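Chains as they are written, first to last, in the UniProt record's numbering: chain A, 1 to 327; chain B, 1 to 327; chain C, 1 to 327; chain D, 1 to 327.
It cannot be assumed that every hint is accurate.
Heads up, the list lumps identical chains together, so a pair's fine if it works in one copy or across two of them.
27 Å max Cα-Cα, derived BS3-like pairs, lysine-lysine [unchecked claim]:
hint, residue 1, residue 2
1, 213, 229
2, 217, 238
3, 66, 297
4, 217, 53
5, 217, 243
6, 213, 198
7, 313, 86
Everything labelled a hint here was simulated from the structure, so no lab data went into it. Computed from a predicted structure; not experimentally measured.
Number of protein chains: 4
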Amino acid sequence: MSTIKRIGVYTSGGDAPGMNAAIRAVVRTALFHNIKVTGIYRGYEGMIEGDFKDLVSRSVSSILQKGGTMLKSARCPEFRTPEGRKKAFDNIQKAGIDALVAIGGDGTFTGAKVFSEEYNIPVMCIPGTIDNDLYGTDFTLGFDTANNTVIEAIDKIKDTAASHNRLFFVEVMGRDNGSIALYAGVAGGAEAIMLPEKDTAIDELIDLLEVAKERNKTSMIVIVAEGDKNGGVYNVAKRVKEKFDFYDTKVSILGHLQRGGSPSSFDRILATRMGYFAVNELLRGNTNGTVGIRGSKITSTSLEEALKNKEFKLDEELLTISEVMNI
Amino acid sequence: MSTIKRIGVYTSGGDAPGMNAAIRAVVRTALFHNIKVTGIYRGYEGMIEGDFKDLVSRSVSSILQKGGTMLKSARCPEFRTPEGRKKAFDNIQKAGIDALVAIGGDGTFTGAKVFSEEYNIPVMCIPGTIDNDLYGTDFTLGFDTANNTVIEAIDKIKDTAASHNRLFFVEVMGRDNGSIALYAGVAGGAEAIMLPEKDTAIDELIDLLEVAKERNKTSMIVIVAEGDKNGGVYNVAKRVKEKFDFYDTKVSILGHLQRGGSPSSFDRILATRMGYFAVNELLRGNTNGTVGIRGSKITSTSLEEALKNKEFKLDEELLTISEVMNI
Amino acid sequence: MSTIKRIGVYTSGGDAPGMNAAIRAVVRTALFHNIKVTGIYRGYEGMIEGDFKDLVSRSVSSILQKGGTMLKSARCPEFRTPEGRKKAFDNIQKAGIDALVAIGGDGTFTGAKVFSEEYNIPVMCIPGTIDNDLYGTDFTLGFDTANNTVIEAIDKIKDTAASHNRLFFVEVMGRDNGSIALYAGVAGGAEAIMLPEKDTAIDELIDLLEVAKERNKTSMIVIVAEGDKNGGVYNVAKRVKEKFDFYDTKVSILGHLQRGGSPSSFDRILATRMGYFAVNELLRGNTNGTVGIRGSKITSTSLEEALKNKEFKLDEELLTISEVMNI
Amino acid sequence: MSTIKRIGVYTSGGDAPGMNAAIRAVVRTALFHNIKVTGIYRGYEGMIEGDFKDLVSRSVSSILQKGGTMLKSARCPEFRTPEGRKKAFDNIQKAGIDALVAIGGDGTFTGAKVFSEEYNIPVMCIPGTIDNDLYGTDFTLGFDTANNTVIEAIDKIKDTAASHNRLFFVEVMGRDNGSIALYAGVAGGAEAIMLPEKDTAIDELIDLLEVAKERNKTSMIVIVAEGDKNGGVYNVAKRVKEKFDFYDTKVSILGHLQRGGSPSSFDRILATRMGYFAVNELLRGNTNGTVGIRGSKITSTSLEEALKNKEFKLDEELLTISEVMNI
């Protein structure tokens with residue numbers, strides 16, 4: 001049995017819709033087990049500076065539906081140094097925190113692993129990032145909300161596309177992986193999707209568009225992930241225009257609005273289940289793990305395994321489907 | 001190998017967001033395999049009356065994002081008679097349709113099974129209903145969208161709740177099961193959830209509310225599924241008010257708006273994958289089945305098994321979580 | 001010139017989207033003129049109890065986009081007594097408040113007028129109610145947002161309506177006036193609108209529906225204001241069903257979700273302009289007035305005139321247009 | 001009295017939400033007066049090519065809530081030639097069209113005026129453009145919807161802004177005027193607004209941001225209209241970053257999604273009133289005019305006057321308010 005008396009919870013890295021819902025679930029599940037909770041503000045930076053606050057049930061009222069993170073987030077190079085981590089640990093000890101729940105992405109997890117091993121403090125991580133690029137879970141918190149945000153934008157562009165002969169390029173987030181581009185591309189009915197994982201040359205793209213044009217499509221949408229290898233959406237648009245001048249081309253860059261918004265039902269449920277599970281795992285004595293959803297089941301993976309398998313695999317079948325849908 | 005030359009596709013029963021996306025996927029996947037597609041309008045009624053139309057790629061342009069069903073839907077008692085089914089089969093044969101994809105719920109599936117057995121016509125079913133009450137799939141088409149619709153309503157009510165001391169009762173769909181009530185209740189942060197599956201007495205409900213009141217909640221939301229055993233949301237509200245008069249009580253009945261709306265990203269992806277899979281299953285010679293998602297995998301279940309196991313099981317863990325979240 | 005040093009601001013009565021935006025504008029405009037601001041919580045109740053808080057620029061950060069009211073609201077019978085108002089004045093004096101901005105409806109304005117006359121304290125009122133039922137302004141705060149909320153609901157119902165032959169009854173707010181019913185009815189394309197101001201008999205309604213039926217409408221929407229004289233939406237639906245049985249009838253009651261939601265752009269701009277104007281009016285020495293928008297101009301009307309002219313007039317031309325649109 | 005027997009209606013130029021609602025109102029008002037309606041597709045191009053279709057009441061069912069324009073739109077250089085207009089007139093005459101309703105912007109109106117004078121055909125114009133840059137009306141169709149679209153984007157960015165110390169640049173439409181930038185900037189609570197009408201130097205912008213920084217703002221949003229004189233949003237962001245390096249800077253370019261989306265309640269009502277009024281004006285014998293809303297009244301202005309007064313004036317008071325709000 002666990003002897004955990006106080007859990008510290010923090011968010012770190014880029015924020016994602018659903019982080020607040022996860023914080024709320026961590027707090028209320030801990031309180032349910034008569035464990036106290038300390039909110040650590042601004043991630044590792046706040047840990048080093050002792051920016052702590054006791055969280056009670058009311059502290060997390062009315063945050064379930066809010067985007068962003070009430071605990072704020074920050075980058076913290078100092079935590080990568082042993083001195084920084086020493087300061088953090090001193091604060092943690094002083095505050096009586098004997099376990100941690102970390103919500104964030106890859107960098108957050110790496111920090112949690114090092115810290116946990118160095119100071120033998122139990123930690124459970126929750127994957128919170130819109131990029132859906134973490135091992136050990138089918139979905140990360142915020143990915144579903146981000147997809148919904150992107151398809152709302154695409155739907156609006158399609159309204160106007162129906163009125164003109166136009167070729168729209170929409171840049172979406174995804175520096176290293178094309179999850180949002182692929183999902184939102186399929187859900188938005190895009191004519192082509194440019195992903196970092198799949199090196200689509202401009203000529204291939206133009207071939208796709210030529211086929212669509214022959215089928216009398218009056219307008220087309222190309223989704224371009226940030227990390228596409230052709231040098232950015234403006235470059236793609238410009239190079240397409242040079243050879244494929246039938247259409248008027250227009251560019252949208254969605255940017256950070258993809259990180260915001262009230263979390264979707266899916267993300268709120270997922271966050272609630274993950275927060276609940278993370279605390280229960282700590283109580284069961286499991287530690288140094290990351291929570292994930294596999295199929296419809298919440299599970300945990302060791303941080304070691306999760307961090308070793310950085311290579312995120314794109315859903316190949318969905319990629320095939322996206323091509324079939326553009327027949 | 002299959003010798004299917006023409007697939008007939010129809011929607012039947014109550015409509016659900018995502019049905020159009022599934023129709024689009026069926027049409028385009030079939031065309032990809034050089035199979036022709038006939039749209040059968042108004043479900044079994046249109047099958048009996050021969051209300052058919054050839055569907056080409058452009059027929060399903062710009063429907064991905066639309067709620068409802070372009071093929072319309074209707075109830076059809078005549079299809080329950082052998083005479084009705086005979087007429088339907090004659091039309092199907094005349095049109096050269098040699099396989100069917102049916103999108104709908106329980107009644108749709110039952111009709112498909114009987115018809116398929118009687119006339120030896122291959123059929124694959126796609127679960128399209130917001131009620132999430134079908135066996136063989138973790139999620140039905142439209143359930144995610146309906147949950148998002150309900151939580152948007154709850155979020156709005158919460159805005160106003162924050163300004164007053166009020167007790168809100170929100171009736172959501174679910175005559176026989178509490179899936180929407182449970183999911184939307186957890187995702188919306190409701191103080192109590194009244195489900196058909198769990199016979200919560202008014203006194204128990206009042207106990208829950210008393211506890212919340214003691215924790216100084218300034219307003220509360222109770223989600224009531226249509227099928228709750230206490231006689232409807234007005235009755236619940238009235239009986240609570242008699243014994244628990246601290247709060248002003250207000251009632252919302254969301255009704256059919258839960259069936260509408262542009263499908264969520266989740267439902268569009270699910271619909272697209274299911275439509276794609278349904279056609280491929282028919283081509284692989286699988287028949288008399290229903291498509292489902294289990295975990296992250298699209299699978300099929302025989303109609304016989306699916307219809308035998310009508311008992312839908314509520315997610316017990318989520319029910320527990322909903323109680324813990326109200327600490 | 002004014003010698004106002006501290007303004008007290010409060011919200012009272014039913015809340016409305018845009019109240020927060022108005023509070024923000026009052027605070028920031030006052031600060032711009034080096035006037036201090038006290039937030040009076042829970043309306044007249046908080047005034048009597050001295051529930052005050054100093055508001056600085058940051059106090060109103062990030063509230064522009066929020067529904068509800070950060071100052072909360074409450075009903076307060078005690079303020080109708082001279083003793084209650086005496087207590088309120090003592091608190092106001094103690095806090096150094098020498099002018100008031102009141103945001104709310106009819107009751108709020110009446111309280112403000114009596115109080116202002118009794119204790120000679122300058123007051124400016126801002127019309128904040130979704131009902132659009134105040135004299136001296138074309139639009140009240142929250143009306144536009146509420147209309148958008150209602151038409152989103154109607155649009156969703158229409159999605160599902162397109163799939164079936166159904167008659168939908170949607171109850172919207174409006175106990176004494178049909179503003180929301182009329183606007184949302186026109187903007188939502190309803191087949192009929194039942195208003196308190198226009199005593200439509202059930203037989204007349206059925207005549208309208210018969211005409212629509214003859215034009216082969218496959219589904220219809222009837223908007224019913226709460227205050228319709230036929231005894232409530234269920235009663236209307238039941239009585240129509242008795243004589244007009246072609247359609248399946250369905251009822252939605254939107255209730256308090258109409259009061260919530262992030263304010264629309266229109267309401268945010270209106271609130272900002274009104275809050276700015278209210279403070280400037282006080283500085284110009286105008287008092288005992290209510291702010292309004294007439295055409296595109298922000299103006300003020302004396303409270304005496306505003307409260308004498310309670311009779312709100314429905315837009316007759318829009319009513320005519322609503323009938324022409326249903327040809 | 002008018003002897004109009006058939007009205008031709010078309011949309012031209014950039015599309016705008018509410019155009020469909022206006023088409024519907026034109027069609028149904030004409031039918032109400034027993035006047036027939038021809039839909040002219042793709043604006044002047046379709047007029048020249050005779051791309052016409054009879055519109056009945058059902059033709060405009062379910063378009064009220066749709067973005068874009070069912071009549072499509074196109075640019076048409078040929079209409080600027082007398083030969084082009086001759087062809088157009090021949091088609092119009094052949095179709096029996098004896099009056100026109102044109103929905104669009106400046107270019108649409110110019111074409112309508114020339115054509116109407118040349119061939120003595122009565123025409124009424126409806127201002128449909130998100131840019132709100134036409135003389136004779138306080139608001140153009142689509143402006144309110146576009147503002148709502150932009151503030152939803154800003155609200156989402158603010159969610160994520162609350163979590164980090166960041167400076168966001170959001171480019172919105174407005175090549176020649178800053179209406180959207182100003183309205184959405186005020187409604188979105190932006191820290192600074194860069195307009196074509198107001199030549200804000202980068203140094204001035206940095207001064208504004210410095211002041212905000214001193215007030216401890218943790219994140220800031222700068223709205224940049226397309227037509228800002230500093231050379232585009234990327235340039236602005238880059239030049240700010242060079243001198244003001246406290247913040248991480250991020251850019252969003254909303255692009256054409258601002259033209260789409262289901263029209264707001266405001267735009268649907270405005271479109272309906274304008275369409276109704278346009279037809280009635282033609283019947284009253286008024287011609288060569290443009291419909292507008294001035295205050296709460298629908299009026300008309302002669303095309304001559306409207307086109308002479310191209311200079312659109314920014315709302316100076318709102319500009320002042322935007323600065324006061326950033327105190």
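Hint by hint, here is what the structure shows:
1. 213 x 229: Within one copy only: 25 Å inside, 37 Å across.
2. 217 x 238: Classified as within; 21 Å inside a copy, 38 Å across copies.
3. 66 x 297: Within one copy only: 25 Å inside a chain, 31 Å across chains, cut-off 27 Å.
4. 217 x 53: Answer is between: at 21 Å across copies they meet the 27 Å cutoff, but 57 Å inside does not.
5. 217 x 243: within (18 Å within a copy, 47 Å between copies)
6. 213 x 198: Answer is within: at 23 Å inside a copy they meet the 27 Å cutoff, but 42 Å across does not.
7. 313 x 86: neither (36 Å within a copy, 50 Å between copies)
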